[in-house]
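Each protein sequence line maps, in turn, to chains A and B.
Quick note: the first sequence, position 37, residue 37 per our numbering, numbers continuous.
Position in the second sequence (first residue = 1) + 116 = our numbering.
Treat the hints as calculated values from the structure; they're not laboratory data.
Treat the hints with caution; some may be incorrect.
Said to hold, decoys possible - Here are the simulated distance ranges between beta carbons:
{"hint": "1", "chain 1": "B", "residue 1": "T213", "chain 2": "A", "residue 2": "Q54", "range": "13 to 23 Å"}
{"hint": "2", "chain 1": "A", "residue 1": "T2", "chain 2": "B", "residue 2": "S186", "range": "12 to 22 Å"}
{"hint": "3", "chain 1": "A", "residue 1": "G16", "chain 2": "B", "residue 2": "P195", "range": "30 to 40 Å"}
{"hint": "4", "chain 1": "A", "residue 1": "F74", "chain 2": "B", "residue 2": "T213", "range": "35 to 45 Å"}
{"hint": "5", "chain 1": "B", "residue 1": "T216", "chain 2": "A", "residue 2": "P70", "range": "18 to 28 Å"}
{"hint": "6", "chain 1": "A", "residue 1": "E68", "chain 2": "B", "residue 2": "T216", "range": "29 to 39 Å"}
We treat Cβ as the ideally placed atom computed from N, Cα and C, and that holds for glycine.
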Amino acid sequence: DTGVSQNPRHKITKRGQNVTFRCDPISEHNRLYWYRQTLGQGPEFLTYFQNEAQLEKSRLLSDRFSAERPKGSFSTLEIQRTEQGDSAMYLCASSLAGQGVVDEAFFGQGTRLTVV
Amino acid sequence: AQSVSQHNHHVILSEAASLELGCNYSYGGTVNLFWYVQYPGQHLQLLLKYFSGDPLVKGIKGFEAEFIKSKFSFNLRKPSVQWSDTAEYFCAVNAPTSGTYKYIFGTGTRLKVLA
């Protein structure tokens with residue numbers, strides 16, 4: 001399967017614990033996005049990278065959230081001191097695009113986080 | 117700031133009925149527009165996209181959408197729905213001239229097609 005891969009698919013954690021999710025984009029894609037989706041809502045933008053540079057982070061994103069994309073390949077999203085409100089589906093997407101150019105984003109299956 | 121509105125949150129249709137889902141966006145510059153579909157238990161998949169040119173774009177599975185710049189709209193249509201079209205549909209906009217390459221999604225429309 002050469003699509004966007006996310007691990008784990010499901011994560012249950014206790015409130016206050018830290019969690020880390022991984023995303024492996026389609027190999028030649030230079031842009032990588034993280035979104036959060038809750039029931040009945042559309043994907044909410046969290047952050048995106050172009051190669052290894054994090055170009056934008058949502059102003060709604062708590063400083064408990066951090067993302068990295070070392071070497072411009074896979075990315076990790078870490079949530080520190082999880083809260084029940086963090087329970088959601090976390091989606092990763094990637095795209096291949098140049099300066100001023102946009103193409104479709106390809107999405108992974110997501111990681112479902114449940115904070116108990 | 118950019119935003120996307122999808123006014124139909126839930127739609128129920130019988131097979132063979134025609135479908136139109138509304139999508140409006142709020143950005144006055146050049147936009148790239150997308151419709152994604154999410155079938156139960158599956159990831160988001162692209163139905164169709166508009167970048168420029170002919171404002172009537174055709175996508176997969178018989179879907180089409182019309183970009184009307186004056187109305188800031190990009191409505192999705194299908195002449196005759198099938199039971200297998202039961203899914204959630206999301207409209208999205210990307211406006212690189214606004215200084216960002218993020219995709220902004222609407223809240224989605226949940227479509228149920230009755231056999």
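inquiry  = Going through the numbered hints above, which ones does this structure break? Give me the numbers in ascending order.
reply    = Checked against the structure, the hints that fail are numbers 2, 3, 4, 6, while the rest are satisfied.
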